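**Student:** Order-wise, the sequence lines are chains A and B.
For the first sequence, the residue numbers in numbering that gives the first Met the number 0 are 0 to 738.
For the second sequence, the residue numbers in numbering that gives the first Met the number 0 are 0 to 468.
Calculated directly from the structure, the hints in this document are not laboratory data.
It is possible that some hints are incorrect.
One side only, chain B facing chain A, incomplete, derived with CB under 7 Å [what the hints assert, rightly or not]:
1. Val195
2. Leu199
3. Asp245
4. Leu253
5. Asn318
6. Phe320
7. Ala329
8. Ala343
9. Tyr344
10. Phe346
11. Asn347
12. Pro433
Here are the simulated lysine-lysine pairs, BS3-like style, with alpha carbons at most 25 Å apart [stated by the list, open to error]:
13. Lys266(B) <-> Lys208(A)
14. Lys243(A) <-> Lys65(A)
15. Lys567(A) <-> Lys733(A)
16. Lys393(B) <-> Lys442(B)
17. Lys612(A) <-> Lys266(B)
18. Lys490(A) <-> Lys567(A)
19. Lys67(A) <-> Lys612(A)
20. Lys207(A) <-> Lys266(B)
21. Lys192(B) <-> Lys206(A)
22. Lys229(A) <-> Lys206(A)
23. Lys723(A) <-> Lys567(A)
24. Lys67(A) <-> Lys139(A)
This one's a predicted model, so the numbers in the text were calculated from it and none came from an experiment.
Built from N, CA and C at the ideal position, the CB exists for glycine as well.
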Amino acid sequence: MKTHASRAEHLRRVFAIVAVIVTVYYLYWRITETFNPNALVFSWALWVAEVFGAFSTFLLYFVVWKQKERTTPEPLPGRTVDVFIPTVNESVDVLRKTLLACNNLKYPHRTIVLDDGNRREVRDLCGELGCIHLARSSHKHAKAGNLNFGLEHSEAEFVAVFDADHAPLPHFLDQLLGYFRDDEVAFVQTPQEYYNIDSFQHRVDAKKKYIWAEQYLFYSLIQPGRDHWKAAYFVGSCAIIRRKALDDIGGFAHESVTEDLLTSVRIHSKGWSSVYHNEVLAYGIAAETIHPFQIQRMRWGIGSWQVFFRANPLFMRGMSFAQRLCYLESLIYPLEGFQKLIFYATPPIALITGILPMRALDINYLLHFIPYYTISLFAFNEMSRGVGGNLLLEQFSMGKFVTYIGTLGAFLFSRKSKQFKVTPKGQRSLAPYRLLIPQIVVCIISIVAIVWALVELILQLRNDDFIIVVNSLWALYNSGLAIGIILYARKKLFQRRKIFRIPDSLPVRYSYSGRGRDSGRYAVIDNMTRYGISLFSIGRVPDDRVVRLTVLLPKKEVSIDCVFLHGKTVAAANHLISRTGLRFVNIDTTARDELSHYLHEGALVKFLREYSKRYRTFLERQLEEHRRRKRRARRHYANLPVALSSGNNRLSIGVIRNISSTGVLLAAQENYRPEEQVQLVVAPETGNIRLMGTVVRTVRHQSENYPEYYAGIRLSEPDSERVKYILQLAHKAKALYHE
Amino acid sequence: MKRNGTTYRYLLLVLLMYGFLITVLNLNYNSIYMDEAIPILIGQQLLAGEPCPGCPYMTGSVFIQPIFMAFGDSMGGLNGARIMNAFFGLALAIVAFLTARLLFDEKIGFIAATIIIFSGQTLYLMKLATYDMIAAFFLGTAFLMLVVSTRAGSQLWRDLALLEGAVILFIASVTKYLLPVYIPFFLAYAVFKHGVRRTLILYIAPVAVLLLLYYLFAPFAPRAEIVGQVQSARSMTQLPLSTLLDWSLRWVSLAYLLAIFGIFHEKWGIPAILSIILSTPIIIVHLMTRSEQSVNKNMIYALVFLAPAAALGVDHIANLFSMRNASRTARTFFTVAVLVVFWAYGFNNLRWLERQYPDSSQVIDFFDENGFDGMRVALNGWDGVVLIYTFGDKYPHARYMHITDIADSGNSGPAFKEEVDFIICEEFYGDQFPCEEYEACIKNEYTLIEDFTITHSWGVTSARIFGRI
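Isolated chain B (complex conformation):
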């Protein structure tokens, strides 16, 4: 007896509920992260109808995601913003289900959705209010549309799906600065499936026109600023190739392992190869640029494509391990067993990812108690956005500035040209501008009030708060 589609849809519902619960039950796993604060603040500005010149810097268009985040924030603060991302994560799982169902069948679709939800990266990004999850959703949807365009019943629907796919690919590309690397691969896929003429009209042209319009009319920050940001970020995170490969594969190696099994699936080996190929651009980008920046988060884009192939691999492994036994129980057992292993791996990754960025709660608590409206705080790292977001209402006249802004590098060594009430020396965000450079001035004019130790999954950093003597 074969399980019908309804069973898998119910199972998918249970899976989505699991994903949602595991996310919302631990939304306060960490304090707000800088990349969460920025889009929420921008979104608030945009929702308030205020102009935001230079907002789309670094990340491409920050209009779509910040608005969602700010909306979530207005509903429930940081948790509200994070829950918004959880919905996009669940939507991504549904997209994976639909894609794999179209490429293969309902069962593989369900396994693909399970792989998405069980992956530590997905669960982590579902509760991290950054643009990554939304971008992954758009990327996945663009791929889904491309698949629909090859499977839809009538030519009209196929053409519409192709056109829609082009628009969504554009949106994905302007949501996350790295995603344009997928455009050539998508175009190649479209050409392969639909021929040059149709692809040119319905896919390449719309994407090109939209990108051109965006380039011409989006309110970019000055080019020099963008280039400077990119270069400084990259210079901070240069790693040897082997380390970077290890670091990239850490998050998706199991999915790749399963996807390799998928290639040998008796029925659908070729689409598995295609999925694997489509998963590689993001890794190639990291390897070519030798940049480790956000690799932990970026591997979700590889997973979007790997999930169908990995699901196929799980099915193949289950067939293989059950010795192609006619017993459905044996096959189900091995399917579940492999997914449990994947879940445990993902869960462990999730625990690690939750602690990869600093928990600034102690610093926040300090200012909650000791801060005052109108205070002036210098920081060596995070631009103050975390404090702006947290204390925007409580200390509306507080000013947060970068330590380099108050420093005066004269011939006799650094000195402060401006007095502040507090200086925060922090090792994670601030490792590019270590306080040691200003040690003498700080010691002369400020005293150490608190020395917090922040434990990460990868080690320990400190956050020291100095106050004026």
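Bound-form chain A, shown alone:
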């Protein structure tokens, strides 16, 4: 029996075929019926841009035609693995986190830091954490050379590669090594996931718990599609490579600044296969601002040209036709810069000069264009299976178009720019405004052109009103794309927070000396970094003395001294609810590393799992069974500490995550069984708000070292005064959550 998902898959492919047919017809009609004989160059330019767009889309449809879904294979014990961390100038702080995570990998391995910066502090760090530090005397061939240098010092059967900012989860090697049972598998690649969702390339809808990143299309759609065609490629990090395969191609390819792409091309051309394991097993730092983002894209663009002209997979022996097409899709994308330039320039030219790249922009044109565009958009949305985000992709295209155009220039004319440039991460470099000049220019020209044409229309100097209107809307759309990217880049530049704060909801205990007694109170973490914490508490946290904070990590506790940074308090019923920012002081390395471990393995995974990376497409929504949802009482988000006790006299501290008039969702470190009776004491130090309830179900948060349980509890006295009181607290505290 066909499932809804498979029916949606079939249907979306049908739509893709329809879209291809309609697009081909539209382009044929455009070239045969619409060219403006008085502006042939203009007509051709726009048509070629449209053809490029269509061709890229067709290639994309081909690549993502089918998504390979893999299940984790059995572990492969007893193999030798070296973990390579190439680094040049990344901060020691960033590197420390990665090395701690690498040391935590369960599978036996060696962690080797390939330090092309040859820095003493990195050497010391390696010494402290027990990692191997290797540094070359020359820096030839950049990252590829560095990795090859690592290979010279490695005898391991497998090499795992992580960028300096990519910290793996403990089971990374265990999960992936099983794929190498197949002797033909050269490498296993996993997605590169970034946890700093406030980065330039992320867009977050906190309300809908939806997250979009520019690279999701690649990692969640294109790579699984390529995997189906046996063409998943190595992306330079978060992967394991078979040493034998590397030896077969003479090590990591160094002839391109995108050594990963060229290495993949060579590996595939030698007949090796690859695997894309679509599960996030490592977290890194995304380019925070537009500056590193553009550096990264420039490098990738140049790398694509280098591969295109020097080792073009289209003409390389040993690859299947599908693999060639997959690589072609990955190589031609920098041409998008020229395509977008034409799209951005067309409306201003038409508005200012009155010259059109088509014979007439009339109802007939729109009757062709609108169906073509609508069907194409629909098919793209379906084929991108809910990770497309067409509008956001367009916005990023606006952000990159000059960079992409520049890649061709740099490839052809500049020797310097062909050198490998590291993407600065973990450093909030102030992006120069000059990077936004192209977008500012597009915006200004578009708006000036609109004003120009409208004034001419009002003064009755022109009578092509419909042409002006349509081009004005197009120009407005372009300026919207430009304004969007400018505003976002600006926002990122002036972002107050230097480090991304990881949201969490663990209970903490805090105490401070004063007024003749040492208070022990409970609070809940709002977010945390290795340097500070934000808390929700009932009552005020003092702002004039050192606070002793004990983070109640699952299975262990970490105590840290903190000082007050900022705070806000709201009155709720008979209580005060505060949100307080604290900075850690005199924190020792062990405590910080422990927090680092927890943040990486526990909090981060937990928080990112709450977000969805994809939306349901139209077809998916239509085809799924419409189950009648059980009416539930409205839940209110709450972050309240509770003392829990059960019939077995098990006592622990937990957190109420949300509450309704009939039940609560509890985050606890103890596993309470269904049907177990529990007593909850909200704000334990006050001890006067008690609730009784029965556990309905429990879900374990899958983290080996930091287990946490979510328990749904049905309250014994729903709608009681005490429940209403807590609801009132939760309601009042909203003012603090939404800051």
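The hints should help you fit chain B onto chain A, whose structure is shown.
**Tutor:** Showing chain B alone in chain A's frame:
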């Protein structure tokens, strides 16, 4: 921070003031048009308590609008009559605001009102003393009542709104001869929302009874005359389908474009589809009859329904173009920008529409100087109503007759059986009875006194005045 309703109401007030000012500041854009003169004259007759047999011909009931027009005329002449229509135009904008506010929200309501006021057609019809604007107002109000009937708090109010909507729909239908095409759509909407029984009792029955009474008791002109008028008007204006589509969409294409965006609005896509469907009957009528007659004015009826959907489209475009940015400034900028484009488009249309009918000022000035009481004037086009209206007081005994009335088509070709003082040969109104047919007689008995060139937005026509030798 969300703007509250009061802000939008103030903005609406500013918008209405703009609409009023832009109308009254240019009321003399053109001389009186035939379709303005007729209802004013009828209204004057009705206000004077004189019987008006055969008045409701062609246009259905001409009792409501002529009385308003004549009242306005008595207050301030042609400008007074035109200002009366301006008030109906402003009322239509308020109706659009209320409808969209009920269907969507206050902001969309304001944008819908803006679309109405910024549209070239609205601004034009606000200063054209014909029945179109009043009919649009009634149609819009009938729709508003239908929407109210689905949203009102209590069943009693819902029923009352439905009943009221039925009465207003009837009034709209008898105000403009084309509006009965909306009745089936309104009925379908009512059935869909209220069920067959309730609609039958509170909507279908009242409309049917009122129409029946009207048919039985309204003082119609003889049926043959009506049919003849309709057929001759239609035969003059037959156009190919594609031309007609182009011609119809010229006035509302932008509103349609925006309304299509409205369909994709995250919150309210379905009502936008409904609005688009309700906007189509008038276009379908024109396409089916292939008649271009009054299409420039009739598209206002499509706009009445399109405005809420187009407003939704503007909001969606603003969201889209601001990249769903949380920045209110960006969203407001794009909302304003799209409305500015719409305004410029509307303003350009307004300029065009203002010159679509002939400016007869030169002819009027000629008779003002050279006319005399008791003069006899033959015309090939406009039935003399323009001159009757203009010189009714000055030359009360003047007679205006159609050229066909004085012509005698004998075997030896046309000849005049009656002498007149002046003959007006005019190309716009008179293109059905061109003077060329009577060229020989005119040349024999009359001499060309003036040859006026009248410039329209679409070309040039002439008005020649002949006097007796």
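**Student:** Under the criterion of a CB-CB separation shorter than 7 Å, is proline 433(B) in contact with chain A as hinted?
**Tutor:** This hint is violated: proline 433(B) lies away from chain A, its Cβ roughly 29 Å from the closest one there, beyond 7 Å.
**Student:** Please work out if lysine 192(B) and lysine 206(A) have their alpha carbons no farther apart than 25 Å.
**Tutor:** Not OK: lysine 192(B) and lysine 206(A) at ~33 Å, beyond 25 Å, violated.
**Student:** Decide if the proposed pair is consistent with the structure: lysine 490(A) and lysine 567(A), CA atoms, cutoff 25 Å inclusive.
**Tutor:** holds (24 Å)
**Student:** So if I understand the rule, the pair passes when the alpha-carbon distance is 25 Å or less; does lysine 243(A) with lysine 65(A) pass?
**Tutor:** Distance ~30 Å between lysine 243(A) and lysine 65(A) Cα, so the pair is violated.
**Student:** Given the hint that lysine 393(B) pairs with lysine 442(B), test it: the Cα-Cα distance must not exceed 25 Å.
**Tutor:** violated (30 Å)
**Student:** At a threshold of 7 Å, is the proposed contact between alanine 343(B) and chain A supported by beta-carbon distances?
**Tutor:** holds (4 Å)
**Student:** Mind checking the alpha carbons of lysine 229(A) and lysine 206(A) for me, to see if they're no more than 25 Å apart?
**Tutor:** violated (38 Å)
**Student:** Does the closest beta carbon of chain A sit nearer than 7 Å to the beta carbon of phenylalanine 320(B)?
**Tutor:** holds (3 Å)
**Student:** Given asparagine 347(B) as an interface hint, is its Cβ closer than 7 Å to any Cβ of chain A?
**Tutor:** Constraint on asparagine 347(B) satisfied, holds at 5 Å.
**Student:** Using the nearest Cβ pair, does phenylalanine 346(B) come within less than 7 Å of chain A?
**Tutor:** For phenylalanine 346(B), the interface hint holds, since the closest Cβ of chain A sits about 6 Å away, which is under 7 Å.
**Student:** Next pair to validate is lysine 207(A) with lysine 266(B); report whether the Cα-Cα distance is within 25 Å.
**Tutor:** holds (15 Å)
**Student:** Is the interface hint satisfied for leucine 253(B)? The criterion is a beta-carbon contact with chain A at less than 7 Å.
**Tutor:** The hint holds - leucine 253(B) has a Cβ within 7 Å of chain A, the shortest such distance being about 5 Å.
Comparing the model with each earlier hint shows violations of hints 1, 2, 5, 12, 14, 16, 21, 22, 24; every other hint is respected.
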